[in-house]
Amino acid sequence: MADATPTTATTGVPAEHKGGFPPFDTTTFPSQIFWLTVTFAFLFVVLWRVAGPRINGVITSRRGAINADIAAAQTARGEAEGAASAYQTALHAAKSRAQGLAEENRLTLNAEIAKAKAGADEEAANAMAAAHARIQTTQDQARGHVLKAAEEAAIAIVARLTGETVSSADAAAAVREL
Amino acid sequence: MAMHPMEQFEVAPAMGMEHPLFHLFGYPIYFTNQSLLMVIVVAAASLFLSLAVKPGRLVPNKTQSLAEVSYEFVANMIHSATGEEGLKFFPFVFTLFVFVLCCNFFGMVPGSFTVTSQIAVTFSLACLVILIVIGTGFAKHGIGFFKLFVPHAPWYLLILLIPIEVISFLTRPISLSVRLFANMLAGHTMLAVFAGFVILLGGAGGALSALSILPMALIVAIMLLELLVAFLQAYVFAILTCIYLNEALHLHDQH
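In order, the protein sequence lines correspond to chains E and H. Sequential numbering of the first sequence, starting at 1, is according to this note's numbering. Sequential numbering of the second sequence, starting at 1, is according to this note's numbering.
This is chain E alone, in the form it adopts within the complex (with noise of 0.2 angstroms):
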């Protein structure tokens, strides 16, 4: 702040006006504004030239390269989604395929046991068939033997009271007759 007061008091062009108000001082003016022209404009040339160019650049190559990574990112993470949509379709596929085969599994399985139980039933009403024919035979003879029987039976008690010899026609008539 005190810098000034020695050449102030050496020279002889502001000391004249001391004692007012500095900066109203206008025989300052001319060197104030040649000074702050030259300077000013130094200051712009560069600023305009070199400066500003040096810090848009980096600042522009920085967005670049973020924007190109924020886009391989997303490349990335597209192709990712791509895997992950293809593994999902694949599963898809491999559960509707599995849920097919078993499926189709189950119907021949049904199919399979639909036929052999059909040949069961079979086969048993065959076996009921057969035994009810065994019955019959059996109680047809069995009918036979009893006519039989009572056809001599017939023809006995026939010769006993009367002594005739009935034959055995007759006397299955008579007996069919009862």
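Hints in this document: simulated from the structure, not taken from any laboratory. Some hints here could point you the wrong way.
Among chain H residues calculated to face chain E with C-beta under 10 angstroms, some are [unchecked claim]:
#1 Met6
#2 Gln34
#3 Met38
#4 Val39
#5 Leu58
#6 Ala67
#7 Glu68
#8 Glu84
#9 Thr95
#10 Val98
#11 Phe181
#12 Asn183
Some residues of chain H that are not near chain E, with every Cβ distance over 12 angstroms (derived) [unchecked claim]:
#13 His23
#14 Lys62
#15 Glu85
#16 Leu125
#17 Gly142
#18 Val150
#19 Pro151
#20 Glu165
#21 Phe169
Where is the CB? At the ideal position from N, CA and C, for every residue including glycine.
Based on the hints, put chain H in the right spot on chain E.
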């Protein structure tokens, strides 16, 4: 030794440069203490902003961040105040901001000189701004630039409003320059006055010497405030420039 608080604002030829360098339009041009500070400020700002940034250094270090932040700060300021179109004024507004900011901050160094505490400097800068605003306005709108003085209002109000608009436009260089000048002048005067108190009390001896700690503490507090003012005034100067440019570019469309 009584220090006059106004002494710090005296523009005097720098040591060893007591003779005029040359005459311009009959006026002697000296290399003064103020010229020295302007050269230092411009050299420091040019070197810093040019060399802090290394092309290809995508991850900035501290100095590069500072340069980038100041660049983007001004770019955003222009963009928000004037839109895309104002960005062609970026070099000018950036220079203005950096120049005023660095002059304010370098002026805070004890023993240096506050360039922006001179009305000649601030008024020249303000006139430059207004000339650029007027030039832009006429270049873009031709004679239609005068519509700037006609706000959207009923005709009977315009009788009142047009003179007000004209006066407010004409006083802009004064308000723009005096705001910066007076802020810097007042702050530095206050610092010098309190510094004078410190010297007076310290020299008084005895208990009074111990009291000199009070103005010293005040100096520290005002110094911090002045740092804020130094930035704020540079910002205000730049943002007002942007607002004036916006009006010249868009007239009253944006309101």
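| said: I'd like to know which numbered hints this structure contradicts. Please list them from smallest to largest. | reply: As far as the earlier hints go, 8, 12, 13 and 16 are violated by this structure, in ascending order.
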